[in-house]
Amino acid sequence: MQIKRLVFGALASLLLAFAPLSVGAAGNTLDVVMKRGYVQCGVSQGLPGFSNPDDKGNWTGIDVDFCKAVAAAIFGDAAKVKFTPLSAKERFTAIQSGEVDIIARNTTWSMHRDTALGVDFRAVNYYDGQGFMVRADLGVTSSTELDGATLCTNQGTTTELNAADYFRANNMQYEIVAFEKADEAVAAYNSGRCDAYTTDHSALYAQRLKLTDPQAHIVLPEIISKEPLGPAVRQGDNVWGDIIAWVHYATVAAEELGVTSKNIGSMGNSTNPSIKRLLGKDGTFGANLGIPADWAFQAVKQVGNYGEIFERNVGINTPLGIKRGYNALWTDGGLQYAPPIR
Amino acid sequence: MSSWTPTAPRPAPASTVGFVAWTRANLFANKLDTALTLLAFTLVVYVVEAIFGWAIIDASFTGDDRTACLKEVQGACWPFIEAKFGQFIYGRYPDAERWRVDLVFLSGLIGLIPMLMPNVGFKRANMIYLLGFYPIFAFIMLNGGMLGLATVDTTDWGGLLVTLVVAITGIVASLPLGILLALGRRSDLPIVRALCIGFIEIFRGVPLITVLFMASVMLPLFLPDGVNFDKLVRCLIGVALFSSAYMAEVVRGGLQAIPKGQYEAAAALGLGYWKTTRLIILPQALKLVIPGIVNTFIGLFKDTTLVLIVGLFDLLGIVQLHFTDASWATPETHITGYVFAGAVFWLFCFAMSRYSIFMENHLSTDRTSS
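First to last, the protein sequences are chains A and B.
Count the first sequence with the numbering used here and you get residues 1 to 342, in order.
Count the second sequence with the numbering used here and you get residues 1 to 370, in order.
Treat the hints loosely; a few may be bogus.
[Said to hold, decoys possible] If the Cβ cut is set under 10 Å, some of the chain A residues that face chain B in the computed set are: (1) 84; (2) 190; (3) 210.
[Stated by the list, open to error] List of simulated lysine-lysine pairs, BS3-like, C-alpha gap at most 25 Å: (4) A:181 with A:226; (5) A:80 with A:35; (6) B:287 with B:123; (7) A:262 with A:281; (8) A:89 with B:260; (9) B:302 with A:181; (10) B:275 with B:260; (11) A:80 with A:56; (12) A:210 with B:71.
If you are wondering where the hints come from, they were derived from the structure by calculation, not from laboratory data.
Just so it is clear, the structure is predicted and the values come from calculations on it, not from any experiment.
Don't be surprised by glycine CBs; every beta carbon is placed ideally from N, CA and C.
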């Protein structure tokens with residue numbers, strides 16, 4: 001017991017001794033980035049549509065495009081960004097230690113992470129949540145019709161609990177078959193072992209491509225858990241956090257105003273005050289953030305507005321084929337809403 | 001008195017040579033043998049047919065995206081490997097700079113092949129080339145940043161390149177380090193012995209994944225802001241230290257097998273510690289433990305896949321990474337990818353294993369062998 005306490009004491013004092021160093025890493029990220037000449041962006045080790053490499057090894061995806069937009073806003077060049085693939089375990093350490101400036105790594109914004117892990121979430125670039133996939137010929141169009149269904153899912157994740165809660169709340173019978181790995185669960189579902197496969201929506205679409213006949217399966221529209229995915233920055237650097245948040249809002253606002261990467265060049269003469277402010281013709285919004293006045297112009301011109309980014313990476317014309325759903329603009333019944341730029 | 005009648009001629013005895021006789025003696029000697037032979041034969045045919053069908057008959061060979069691999073009965077999706085081949089070998093190393101990697105591979109082979117052939121001379125010059133010149137050359141070529149070569153960040157390295165860099169560095173560093181540690185552990189000097197035992201037991205007592213994780217995740221937290229080692233370098237050091245601890249124990253096994261008389265004879269000849277070790281003990285000890293050494297090398301080569309956990313993409317890692325490319329997602333993509341990665345790993349490990357057998361035979365001065 002004595003020894004145990006001694007060891008823990010030693011470890012704790014060791015950690016305390018080093019703690020100021022890791023807090024010291026906060027500093028002013030924008031200055032560091034400006035001096036370095038590029039944005040260091042932490043992405044996933046491969047998630048279809050969010051951050052995955054193409055045949056040439058270039059990173060593509062929603063999260064990747066977000067980092068490119070940040071680079072375009074700061075440097076006027078979307079190419080001034082480097083990507084660090086991070087495992088789920090090392091992502092928060094990487095941001096705390098200053099190894100990366102942003103993590104855009106399909107990371108769920110939860111209170112615990114926001115408050116206890118030394119990171120700040122500043123925007124939601126994809127509203128994800130748990131859903132269900134079923135065979136199209138089952139004739140089910142809503143997850144409320146899944147009474148008596150057998151569900152395939154992964155072991156030991158919150159998906160199992162979420163599904164249990166959902167079925168109990170809706171007074172439906174169910175049976176869960178849990179597997180160690182996602183691939184096993186999908187294979188079991190593919191072979192007809194289960195009526196439905198449940199995991200996060202974005203992953204359902206990705207897994208669907210691995211089925212023998214993807215067209216024979218549909219993802220039901222309901223979402224039974226909240227998984228807002230968004231970029232996170234180091235806690236305590238509000239200037240940098242503001243840039244991250246407003247780059248996202250600028251892409252959303254651009255879509256709302258009908259400004260795209262194609263027509264933004266000819267928008268310069270627009271008399272719409274909102275567009276003028278977005279393009280940096282009016283106001284000192286860039287200067288307030290400490291970046292060039294044409295920050296939003298460059299971000300949208302080089303990367304696109306939110307709708308373009310979504311459709312290019314995960315939209316219905318990509319192999320993933322995800323509908324906008326909750327990620328539609330608020331004006332179209334979705335959740336993507338940008339505070340006004342004024 | 002009966003007349004002599006010759007016995008009727010008997011049929012010739014069953015042949016004891018040739019294919020038919022061999023099968024009769026070995027495969028169909030009795031009922032049980034026959035049954036087992038037929039069973040095994042059916043099994044072989046079944047497995048071979050399945051593999052052949054998957055890899056060739058039902059497989060796709062041409063195509064530009066996933067639509068090529070979505071037949072009704074689909075075997076291997078080889079276009080996936082074809083499209084991603086450059087990625088699997090070089091990782092994200094820029095296209096225009098890949099000749100540098102090729103040059104490093106090639107110059108490595110030029111040094112390695114004569115080194116591995118016992119009959120080719122100039123071993124000393126070859127050694128200097130491989131251990132002195134080559135590492136520096138490879139570093140300059142791969143990393144760039146001087147001699148007018150563009151810098152290529154190690155974060156852009158990947159695939160087989162990373163696998164080989166990690167494995168070869170580990171192999172080259174672990175043998176001398178391991179020998180020193182093994183000698184240190186048998187040393188009469190208490191501090192040296194304690195340090196060596198401590199080092200070996202600590203590194204052998206934790207999994208490689210822990211060493212890598214400490215190097216990659218914990219180390220940056222302890223370093224002051226702005227000081228950041230390259231991730232690949234951190235991994236290389238971790239792998240080298242880890243494998244040298246294993247190597248030390250293999251070499252110690254060889255040292256302990258050397259009879260005391262050898263030391264005494266060396267002492268009688270007036271040889272000091274280092275000369276005894278270098279001329280008498282190590283040549284015999286290392287020869288004894290060649291299988292163990294190669295075993296450690298092969299283990300190390302496969303352990304390189306663990307660098308995935310710290311965000312480096314070795315061959316297996318980059319194959320898995322490319323499974324997430326939605327334009328190639330099919331039911332067969334990941335099976336094909338794993339088969340490819342497995343085949344490449346097998347090729348390297350099998351080559352190492354065959355070479356170790358060759359070396360054992362070549363160096364055999366055994367009293368036991370006929």
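Here is what the structure says about each hint:
no., hint, in the structure
1, 84, "holds, 6 Å"
2, 190, "holds, 7 Å"
3, 210, "holds, 5 Å"
4, A:181 with A:226, "holds, 22 Å"
5, A:80 with A:35, "holds, 12 Å"
6, B:287 with B:123, "holds, 18 Å"
7, A:262 with A:281, "holds, 19 Å"
8, A:89 with B:260, "violated, 52 Å"
9, B:302 with A:181, "holds, 22 Å"
10, B:275 with B:260, "holds, 16 Å"
11, A:80 with A:56, "holds, 18 Å"
12, A:210 with B:71, "holds, 13 Å"
Of the numbered hints listed earlier, the single one contradicted by the structure is hint 8.
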